[in-house]
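K.L.:
If you want the building blocks of each chain, they are given just below.
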Amino acid sequence: MHMATTPAIEPIVHLSNVDKDYKLGAVTVSALKQVSLEIAPGEFTVIAGPSGSGKTTLLNLIGCVDVATRGEVIVAGQDTGKLSEGDLTRLRLNALGFIFQSFNLVGVLDAFQNVEFPLLLQKKMNAAQRKERVMDLLNRVGIAEYAHHRPGELSGGQRQRVAIARALVTFPRIVLADEPTANLDSVTGNQILDLMQELNREGTTFLFSTHDPHVVSRAGRVVRLVDGRIVTEPEQQSPMSHT
Amino acid sequence: MNTLLLIAARNLARNRKRTLLLGGAIAVVTVLLVLLTSLFNGTQASMLRNATTLSTGHVNVAGFYKITSGTAAPVVTEYAKLRALVEKETPGLQSLVIRGRGFGKLVSDASSQIAVVSGIDIAQEANFKNILEIVHGDVNRLSEPHSILIFEATAERLELKIGDNVTLSSQTYRGSNNSIDCKVVAIAKPLGMFSSFFAYVPLQTLRELYGLDQTTAGGIQLYLKDWEQAEQVAAKLRIALDKSGYRVMDHMDLPYWRKFDIVKREDWTGQKIDVTTWMDEDPFMKWTLFGFRALIVIIFMVLLAIIIIGVMNTLWMAIRERTREVGALRAIGMQRHTVMAMFVTEGALLALASSTIGVILGVAAAFALNAAHLKMIKGFQMVLMSETVTLLVNVPTVLISLLVIASVTTLGSILPAWRAARLQPVEAMHSSN
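As given, the protein sequences belong to chains A and B, one line each in that order.
Residue numbering for the first sequence follows our numbering, starting at 1382 and increasing by one per position.
Residue numbering for the second sequence follows our numbering, starting at 7 and increasing by one per position.
Hint data in this document are derived by calculation from the structure and do not stem from the laboratory.
Here a beta-carbon is modelled for each residue, glycine too, at the ideal position from N, C-alpha and C.
Among the clues, some could well be false.
Just so you have them, the derived chain A footprint on chain B, three or more residues with Cβ under 8 angstroms [said to hold, decoys possible]:
1. 325 to 334
2. 340 to 346
Quick list of the computed label-pair ranges, beta carbon to beta carbon [stated by the list, open to error]:
3. Gly1523(A) / Arg24(B): 35 to 45 angstroms
4. Asp1517(A) / Thr9(B): 18 to 28 angstroms
5. Gly98(B) / Lys1504(A): 50 to 60 angstroms
6. Ala300(B) / Thr1450(A): 56 to 66 angstroms
7. Lys23(B) / Glu1526(A): 25 to 35 angstroms
8. Ile302(B) / Val1410(A): 51 to 61 angstroms
9. His1529(A) / Leu11(B): 13 to 23 angstroms
10. Ile363(B) / Ser1598(A): 57 to 67 angstroms
11. Gln1459(A) / Leu421(B): 32 to 42 angstroms
12. Ala377(B) / Lys1504(A): 45 to 55 angstroms
13. Leu11(B) / Glu1526(A): 25 to 35 angstroms
14. Ile363(B) / Glu1453(A): 51 to 61 angstroms
15. Thr9(B) / Gly1433(A): 32 to 42 angstroms
16. Val1410(A) / Thr9(B): 35 to 45 angstroms
All chains should be modelled from the sequences, with the hints used to inform the complete structure.
P.N.:
In structure tokens, the structure reads:
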């Protein structure tokens, strides 16, 4: 068992002896085995591993869109195994940000509306506050001029920037990204990584999966998964130590 | 939530072909419903206006007089006193007419036939003159003693023309046979299935036939401001008459001319009052309207079922296409009920927009058809008591139609929306759709 810790700082994510099994007919497949992990605020961590190693499953558990078969998953101080469906959804809305490989923007909303959407679900800000927050973020990710373009009118890189802005808009404790550069060319992918690193330097915690060695090389911390187990963590670094 | 509405509207616009197809179908169903209900309203108004002028009021206060237990005359004695009471006790009374009631035989040189004979005071019967289409003679001549108005079918069967005499024969209230000769002064166009059995004579002539004095009448036909209140008013009048000392007959769902044999068999003598409605006096019209209404309901249900299946299928397709989007929205924190609301909003928006367009087109089509004065098929003319197709657009009915179609089609979106809300985010996000 490998336990990744960041001493003296309360972790955002804490996994302890987590198993995840899937039933495929009569066969039970173990996607994760005895995984223990902690993610501290400010980290820029990559979950690396070959296809089928359990990267996405691990992200799903941390992202509260799936629950562990055994073990403890604590996200933002809450034991996800004990939360109802509604509470898990609220936790995702208020504490987590998601960036997807295929961007997964709402095709009929423009960039501004896509970024604003989580704020509407939260119902915490008035229209003026939402506008200010959304435009700040669109400026920050460099696509303010495309605020009223729909996803279909944007390039892959621009869409992913919108997705990043959407992930950040609710001030999440951690942003989870599943292979965020997989659908982008190398130049655009690098630009997105640059942006994510800049945001990390400004204080946003990132946890993302990849099997691209180049992306792995940009990470502050690498958690390697093979066949559902964490096999090694060569560099144990403090938050933002990659900077 | 405005954003859900925006998502719904833009998704409908994005799938233009599918939206137009289904929206068009909903609009067509709405148009059909508006036309059918307007046709029903028009027919009902026309039938009711004609029937309640020819043979019945909305409510009738009449009765039978039995001089012996084996006889029955459709007569009310001292009708003036009864009229005063009825005028006082009838809520929403608009007008009334006094009619004589008879049932006898018309005999000409060529043939004979059974007839339901009404005695009328033509000077008091403005509606009667307006509704009948006189093809020969002059309806005003019914003011002349021993005159008679018959319909074309009777004139043809008995080979009568204006100026001819026809013998009206019946049994007096004392049980003896009596007959009088009447001169044909007017021949009218048919008005409904049973018009060929109706004939009209002056009220005084009918009194002579039955050997009655001036204080008697066949009954009082009451016209209400709201004809739909007829049954409640009839029930109230039965109670009021009973309290005032009149003997009131038990309610029978039959026209008076079908009660003769029943009343003759009853073991009582003297006067009894019978309070009936237009539905009792014209059961044919009642059942015609009931059948028409039932037909509309069946057609509507079938069309609605088709539309609901269409809405469900369309939303199934939309949900399949947008499964990943649903997964992503669930992941970023959209609750299940909001996912459901998102798809129900889409269904509701489509239903409301389409049915509103359908109502507008339906109302326009109804006005256009009225303006065209379309002739009704001959057979229907007799049944529906009208020569032309008349559509009556009733605003509450139209609004109810709109509400029913929009609501029911929206309901059709609930099951697919619920299924979408039940999608697990992790499975939805990785869906191949």
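K.L.:
To test your reading of the hints: which numbers does this structure violate?
P.N.:
Of the numbered hints given earlier, the structure breaks none, since each of them holds.
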